[in-house]
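A.B. asks: The chain contents come next:
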Amino acid sequence: MIALADPAAPVSPAASEAKIIADLQATVSPSRLTLFLGCRLKFWFRYVARITKPKTAALHVGSSVHAVLKAWNKARWRQTPLTLTQLHEEYVKAWAETEEPVQWAAGEEDQEKKTGWRLVETYFRESKIPPESRPEAVEVPVEADLHQHGLPTLIGVLDLVQAGRIIDFKTSSTTPNPEKVAHTTEVQTSSYAVLYREATGRRETGIELHHLVKLKNPKLVLTALPPMSDLQQTRLFRLMEAYVEGLERQDFVPSPGMQCASCEFFNECRLFC
Amino acid sequence: MAIVLEANYAKKLGLPNFSSHQYSVTIRTELTDLTQVEEASTRLYGILQDAVDREIQHVGFMPDASTYGMNNGNGHPSNGNGNGNGNGHRPPAADGWACTEGQQKLILQLVHDHRLDKGEIETMAQQLFGIGVKELNKMQASNLIDDLLEKVGKKSSRGRPRWQNREGARA
Chain W
1 MIALADPAAP VSPAASEAKI IADLQATVSP SRLTLFLGCR LKFWFRYVAR ITKPKTAALH
61 VGSSVHAVLK AWNKARWRQT PLTLTQLHEE YVKAWAETEE PVQWAAGEED QEKKTGWRLV
121 ETYFRESKIP PESRPEAVEV PVEADLHQHG LPTLIGVLDL VQAGRIIDFK TSSTTPNPEK
181 VAHTTEVQTS SYAVLYREAT GRRETGIELH HLVKLKNPKL VLTALPPMSD LQQTRLFRLM
241 EAYVEGLERQ DFVPSPGMQC ASCEFFNECR LFC
Chain X
1 MAIVLEANYA KKLGLPNFSS HQYSVTIRTE LTDLTQVEEA STRLYGILQD AVDREIQHVG
61 FMPDASTYGM NNGNGHPSNG NGNGNGNGHR PPAADGWACT EGQQKLILQL VHDHRLDKGE
121 IETMAQQLFG IGVKELNKMQ ASNLIDDLLE KVGKKSSRGR PRWQNREGAR A
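Chains W and X are the protein sequences, given in the same order.
Residue 1 is where the first sequence starts when you use the numbering used here, and the numbers rise one by one after that.
Residue 1 is where the second sequence starts when you use the numbering used here, and the numbers rise one by one after that.
It is possible that some hints are incorrect.
To be verified - Dumping the calculated DMTMM-like pairs for lysine to aspartate or glutamate here, alpha-carbon to alpha-carbon at most 20 Å:
id	chain 1	residue 1	chain 2	residue 2
1	W	K93	X	E150
2	X	K12	X	E38
3	W	K113	W	E100
4	W	K74	X	E150
5	W	K55	W	E264
6	W	K93	X	D147
7	W	K55	W	E100
8	X	K154	W	E99
9	X	K154	W	E97
10	W	K70	X	D147
11	W	K74	X	E122
12	W	K216	W	E100
13	W	K74	X	E120
14	X	K151	W	E97
Derived by calculation from the structure, the hints in this document are not laboratory data.
Computed from a prediction, not measured in an experiment: that's the story for all the values here.
With the sequences and hints as input, model every part of the structure.
C.D. replies: Spelled out as structure tokens, the structure:
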């Protein structure tokens, strides 16, 4: 059992810790698993203590860009393509419709809004996906019951499936290195492959990461990955096993490192006891 | 110069068990000048509608929902660890649906609660996936549910299959 040294921190009351942990053991998403593996204390702050933080500007840009890409893909799917003006309207709507407040510095919102739209324009200009081709699925929530393996139900959302390829959209401030990104996103990509196979009964033909990079001149970086191998699946299941066991032991130790500099729970972590 | 007027009348009607049928008639005629368009259009609309309405009353073959399509030889369902049958479609369950029971219930509940037209939903499935509602695999059914929720004004959310009601997760 761990506790916050600062009792005034905004912790959601409601459910008991034991109940919350039991629920977390029942299902897991790739992002939740990645967070647990990255820093268990951060996981505890977010999912067990349920400390809420304002949405970051980067996350808001990312979700607004995602919303436009979803609209574009849905329109391609229905064979009713959208014009650039209509897409811009979708972007403006998504930007305004945030469920969580963002704390903007003076002049920051306008700047970020422009950045986001430039990313969208870059995608439409540089994307290799023909506008007339039809997707297999667009932003679809899926799940895989892995209880037969002694594991939780895996849940997730596939951004786009096109001709058997699972495509994931990402916004980033740095250009991804293809080899490194294959490794750093493996929990997510393997999870998507498991989810796709379970939901369709088919093996994916490949996985693609579409990174929209927020540079002075934005660019699109496509990283093509092969279908998930048996080894990768085993590795994912081992990591899920570690997740279940870690939650069972309530093993919420911090992982101090470079990543702490940008962690939203930095102050809470300093008070950890 | 002759003016060609093409008129088409189509009607699609829903039938029990997510079936539907449709019929359309097209006619082309030549007019000598533009002043004849309005009158010709009214006349053709009446003729075509009568023709379609008369024919579409004959429903023709209707499958037995308890047996039709139950033995399609598609192989075996995925075992959940990624080893699927390679054709993307599971054999329908005993009640004829290939998606999960939860998805099936949610689709039927949406149809019932919002008085949706089953024929229209069947058409949606055909247009998006090229197959009927009952044949949709889990992924396709999930996407259809998302569309239906949008249609009835319920905003879709990321991260959690809609046919479940457990704690949310960030995906």
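A.B. asks: Work down the list of hints and note, for each, if the structure agrees.
C.D. replies: Status of the hints after comparison with the structure:
Distance restraint check for W/K93 and X/E150: the Cα-Cα separation of roughly 16 Å lies within the 20 Å cut-off, and the hinted pair is therefore satisfied. The suggested pairing of X/K12 with X/E38 is violated, with an alpha-carbon distance near 26 Å, which exceeds 20 Å. In summary, the hint linking W/K113 to W/E100 is supported, as the alpha carbons are separated by about 16 Å, within the 20 Å threshold. Taking the CA atoms of W/K74 and X/E150, the gap is near 12 Å; set against the 20 Å cutoff, the hint holds.
Taking the CA atoms of W/K55 and W/E264, the gap is near 10 Å; set against the 20 Å cutoff, the hint holds. A hinted pair counts as satisfied when its Cα atoms are at most 20 Å apart, and W/K93 with X/D147 qualifies at roughly 19 Å. Annotation: proposed proximity of W/K55 to W/E100 holds, straight-line Cα distance about 6 Å (limit 20 Å). This hinted pair checks out: X/K154 and W/E99 have alpha carbons roughly 15 Å apart, not beyond 20 Å.
Between X/K154 and W/E97 the CA atoms are separated by roughly 15 Å; this keeps the pair inside 20 Å, and the hint holds. Straight-line distance between C-alpha atoms of W/K70 and X/D147 comes to about 12 Å, which keeps the hinted pair within the 20 Å bound. Only pairs whose Cα atoms come within 20 Å are accepted, and W/K74 paired with X/E122 is accepted, the gap being roughly 18 Å. Proximity of W/K216 to W/E100 is assessed by CA-CA distance (about 28 Å); at most 20 Å being required, the pair is judged violated.
Pair hint W/K74 plus X/E120 holds up; C-alpha atoms about 18 Å apart against a cutoff of 20 Å. For the suggested pair X/K151 and W/E97, the alpha carbons sit about 19 Å apart, so the restraint of at most 20 Å is met.
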